[in-house]
Amino acid sequence: MSAVTIPGASGIIQNEPLLWEKGGKGRRGMCVPASDVPVAELPAALCRDELDFPELSEVDVVRHYTRLSQWNFGVDSGMYPLGSCTMKYNPKINEKVAATPALAAAHPMLPDELVQGSLQVMYELQSYLAAITGLPAVTLQPAAGAHGELTGMLIFAAWHKSRDSRRTKILIPDTAHGTNPASAALCGFKPVPIRSGPEGILEVAAVEAAMDEETAGIMITNPNTLGLFETRIREIAEIVHAKGGLVYGDGANMNAVMGIIDARRCGVDVLHLNLHKTFSTPHGGGGPGAGPLCVSEELARFLPAPRAVRDGELYRLDWGGPDSVGRVHAFHGNVSVLLRAYAYIRTMGPANLKKASQLAVLNAAYIKERLKGTLPLAYDRPCMHECVFSDALLQEHKVTTLDVAKRLIDCGYHPPTIYFPLVVHGAIMIEPTETECKADIDQFIAVLEQIVGEAAENPELLRQAPLRTKVRRLDETLAARQPCLCGS
Amino acid sequence: MKEFDELLFNEEFRYTEEHEWVSVGGAELMVGISDYAQDQLGDIVFVEMPEVGATFARGEQFGTLESVKAVSELYLPVGGEVVAVNEALGDSPELINQDPYGAWIVKIKPSDTAELEQLLNAESYRNMLRG
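Taken in sequence, the protein lines are chains A and B. Residue 351 in this note's numbering sits at position 351 of the first sequence, and the numbers go up by one each step. Counting the second sequence from 1 gives a position; this note's numbering is that position plus 1000.
Note that these hints are calculated values from the structure, not bench results. Remember, it's a predicted structure, so these values are computed and weren't measured experimentally. Any given hint could turn out to be false.
Stated by the list, open to error - Derived lysine-lysine pairs resembling DSS-like cross-links, with alpha carbons at most 27 Å apart:
| # | chain 1 | residue 1 | chain 2 | residue 2 |
| --- | --- | --- | --- | --- |
| 1 | A | K372 | A | K355 |
| 2 | A | K190 | B | K1107 |
| 3 | A | K354 | A | K92 |
| 4 | B | K1002 | A | K470 |
| 5 | B | K1109 | A | K190 |
| 6 | A | K398 | B | K1069 |
| 7 | A | K22 | A | K398 |
Based on the sequences and whatever the hints tell you, model everything.
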């Protein structure tokens, strides 16, 4: 086997106990100055003799978290091709902008005239997202993608109610994001699954057969979760509109199509964007995110309020009219995420946003073409920003997709998404994103080729992986069945 | 993961293409998932079951299974009313992995037993899996 240079190598990793097992009595990170105000009596009911807090010095705490971070892997340490998640590198300037004290520390209840800068950012971000999607009215409130979906479903319901049409169902293809049916159901709709066709995309006939006058509309993820563009989107939208329904676009995969498609012209009425995926906020650790919702002119009156508007020379908050579905988030949404998105869009500009999407697609297509002889493609047709392989060849060696993913960790990569989408057996979904250069992608391809070779020659190496990490294979089953959520 | 000849089948049951099984005979029918399905899903960590008294049409989703790999929908092989749910699965979802044909998920009173005829028997289910 030819020697492939792999990025993964072993270094010294320190053992580290839990904070409660560390430190010692009396250790502290700071000394509080002597009180110079009179002592106030505390109600006895609020006092207890002991607090179960660890006692630690500053260096104890710094080393604790630094050591834990060294066990970890992030997009700042290496390639993170986790499909469907768009784990692209986020330029640090956007962090700097989001941390600007004048913006970060602005109190959300300040009068409009004292926060003109923040309102201008919100107003302009709304207009940029409108330009990117083609849908003119925008709310920045939703806190993440699924929250945007729920807000969209509330608007579907409000629109139908305003027309006295009673609709109970929502069509959802099997290649839509998994949160779509949950969002529809939360809003009281019954999700009706639609199977994708043999090419991995939605077929017009399937929508035609399912769409009726009890159906409020359809939720389409485009590009879909197989990384394929729903090429029949316009015909499908026409069918749904003709029967009095609306079209929801899940824009989680916008990273593939910025500046390339116009969602409105594709027939989409409502669409959310995941700012934390496409527009530069670190994610994967549980938030915060932002899932702004963009809607057509006709649906603007249903949007949550307030929204930032421009009033002559001033920016102010507009509190909406009687048709608004109401607030969906306290104050103005997750403003730090909005600031990063604003900085990202402004530093990139329209031409570079388009180029980012083109490179994201080019990188995925390159991996697909280079690896399709090594791993079987789920659908051999042009892909967008991610490509999906199956485990059909691995099964011959009794090696699983999970084993390959664990071996990639040993080689210095974050694994791709595995076992999703469900319509592909043992799916391996790779999304390189635009921020990886060709040399790094070539190295990744060479490593994956080597691992598939090892699956045949030394399958035990894969089954035992990861060997180089601080912890080996964790007992996910026990963690799910008997979660331990206490620190001490 | 099991080889094909390691897979277990219950010759008495009927099967769906989505890998649910249903018992045959009697006023109440048991519904569960096949050995192939549990093997593909891996360790099951949560079973979401419907309320007793709920009714579903054939092919309608009546619950979900969550494994370490994925969340999967459960579809009812024949339409009817749920007359019992297997409470033991609440604390011990692993029963489905250990004994897929013993660990029923719901019992239903079928609305039309003729629907059973449209399901796969063990032999045709085996053939479907063989491809």
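For each hint, the structure was consulted:
Our distance criterion of 27 Å between C-alpha atoms is met by K372/A and K355/A, whose separation comes to about 25 Å. The hinted pair formed by K190/A and K1107/B meets the criterion: a straight-line CA distance of about 23 Å does not exceed 27 Å. Straight-line distance between C-alpha atoms of K354/A and K92/A comes to about 20 Å, which keeps the hinted pair within the 27 Å bound. For the proposed pair K1002/B and K470/A, the alpha carbon gap of about 30 Å is over 27 Å, so the pair is violated.
A distance of roughly 23 Å separates the Cα atoms of K1109/B and K190/A; the hinted pair therefore holds under the 27 Å criterion. With a C-alpha separation of about 17 Å, the suggested pair K398/A and K1069/B falls inside the 27 Å cut-off, and the hint holds. Restraint check for K22/A and K398/A: the C-alpha separation of about 43 Å exceeds 27 Å, so the hint is violated.
The structure fails to meet hints 4, 7 from the earlier list, while all remaining hints are met.
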